[in-house]
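Enquirer: Sequence:
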Amino acid sequence: MTFRKALPPAVTLILVIAGWQLYTVVSGIDTWLLPSPVDIWDAATAQNETLLDHTLATTELTLYGFGAGVATGLLVAVLLHLIPLLRAAVYPLLVISQNVPVIAIAPLLVVWLGFGLAPKLVVIILVCFFPVAVATLDGLRRSDPLITDYLLMSGANRRQLFTKLQWPHALPTMFSGLKIAATYSVFGAVISEWLGAEKGIGQYMMIQKSAFRADRMFVAIGIVITLALVVFGLVVLLEKLTVKGRRRD
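If you count by full-length UniProt numbering, then the sequence shown holds residues 1 to 249, one letter each, in order.
Simulated from the structure, these hints should not be mistaken for lab results. C-beta: ideal position from N, C-alpha, C; glycine also. Wrong hints could be hidden among the right ones.
Below 27 angstroms or equal to it, Euclidean Cα-Cα: the simulated DSSO-like pairs (lysine-lysine) are [claimed, not checked]:
# : residue 1 : residue 2
1 : 240       : 179
2 : 5         : 240
3 : 199       : 209
Between beta-carbon pairs, the in silico distance windows are [claimed, not checked]:
#  : residue 1 : residue 2 : range
4  : 156       : 230       : 37 to 43 angstroms
5  : 154       : 97        : 39 to 45 angstroms
6  : 163       : 33        : 54 to 60 angstroms
7  : 97        : 221       : 27 to 33 angstroms
8  : 88        : 158       : 52 to 58 angstroms
9  : 27        : 211       : 19 to 25 angstroms
10 : 161       : 99        : 32 to 38 angstroms
11 : 226       : 32        : 21 to 27 angstroms
12 : 34        : 88        : 26 to 32 angstroms
13 : 31        : 82        : 54 to 60 angstroms
14 : 34        : 226       : 19 to 25 angstroms
15 : 226       : 164       : 38 to 44 angstroms
Turn these sequences into a full structure, and let the hints guide you.
Expert: And the structure:
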């Protein structure tokens, strides 16, 4: 992002924070109800070591879940693409499954899988795999039919058609799904920690909610947003190194 593009949202954010601070000072609203940005900053600095431990735990869970969700999504997309009968039978069910809120089935995952790492990973996989699978499958199916016919006439087999045409063509749309999954992964990790965890931003939020510490809740929200932006940025960087670099070659 260039400086010219980054300036308008940065100025808007500064104005929002300044207006927020001014409102809390002028209105005299209770800190437990709406803390000022200064109060939130003070809460963050006062608990920096505790927050670091929780943040590292959530980051680790996010990376594990995001990796598993992406792998699951790619596997589903490739299988549905290569096996049309399976796509006709399974794809509508995948779409229907997304109408079930993950938070609604999360307690069942605890009953089935216990309180360990497994239910937490499943929650993140459930929120991550679908955008990756749909975006990748869409890209695989939209390869140029003229080039496909040319490769077939040239004697290309199904494997060569997939590796030389369909997969490279699907990369841009695949990364669109990865960007969506990147943001979902952090929120999925936080939701999974609500089910029960020794450490993590989700567990930290539950404690602060019970203590009516709105300032610390805002700190946790800020950390979640920051983590989501970092994971999103890593996906964007990977996209530049693969898709755009491939085009230059």
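Enquirer: Run every hint past the structure and note whether it holds.
Expert: Hint check:
1. With a C-alpha separation of about 13 angstroms, the suggested pairing of residue 240 with residue 179 holds against the 27 angstroms cut-off.
2. Pair hint residue 5 plus residue 240 holds up; C-alpha atoms about 18 angstroms apart against a cutoff of 27 angstroms.
3. Among the hinted pairs, residue 199 with residue 209 is consistent with the structure: their alpha-carbon atoms are about 15 angstroms apart, no more than 27 angstroms.
4. Distance hint for residue 156 and residue 230: a CB-CB separation of about 41 angstroms, consistent with the stated range 37 to 43 angstroms.
5. Residue 154 and residue 97 have their C-beta atoms about 40 angstroms apart, which keeps the hinted 39 to 45 angstroms range intact.
6. Taking the beta carbon of each, residue 163 and residue 33 are about 58 angstroms apart, inside 54 to 60 angstroms as hinted.
7. In this structure, residue 97 and residue 221 meet the distance hint of 27 to 33 angstroms, their C-beta atoms being roughly 28 angstroms apart.
8. The hinted range of 52 to 58 angstroms is not satisfied by residue 88 and residue 158, whose Cβ atoms lie roughly 19 angstroms apart.
9. For the hinted restraint 19 to 25 angstroms between residue 27 and residue 211, the CB-CB distance of approximately 23 angstroms keeps it satisfied.
10. For residue 161 and residue 99, the hinted distance range of 32 to 38 angstroms is satisfied, since their beta carbons lie about 34 angstroms from each other.
11. Between residue 226 and residue 32 the CB atoms are about 24 angstroms apart, so this pair conforms to the stated range of 21 to 27 angstroms.
12. Between residue 34 and residue 88 the beta carbon distance is about 53 angstroms. The supplied range of 26 to 32 angstroms is therefore violated.
13. With their beta carbons about 58 angstroms apart, residue 31 and residue 82 fall inside the hinted range of 54 to 60 angstroms.
14. A hinted range of 19 to 25 angstroms holds for the C-beta pair residue 34 and residue 226, which are about 21 angstroms apart.
15. Judged by the Cβ atoms, the range 38 to 44 angstroms given for residue 226 and residue 164 holds: they are separated by roughly 40 angstroms.
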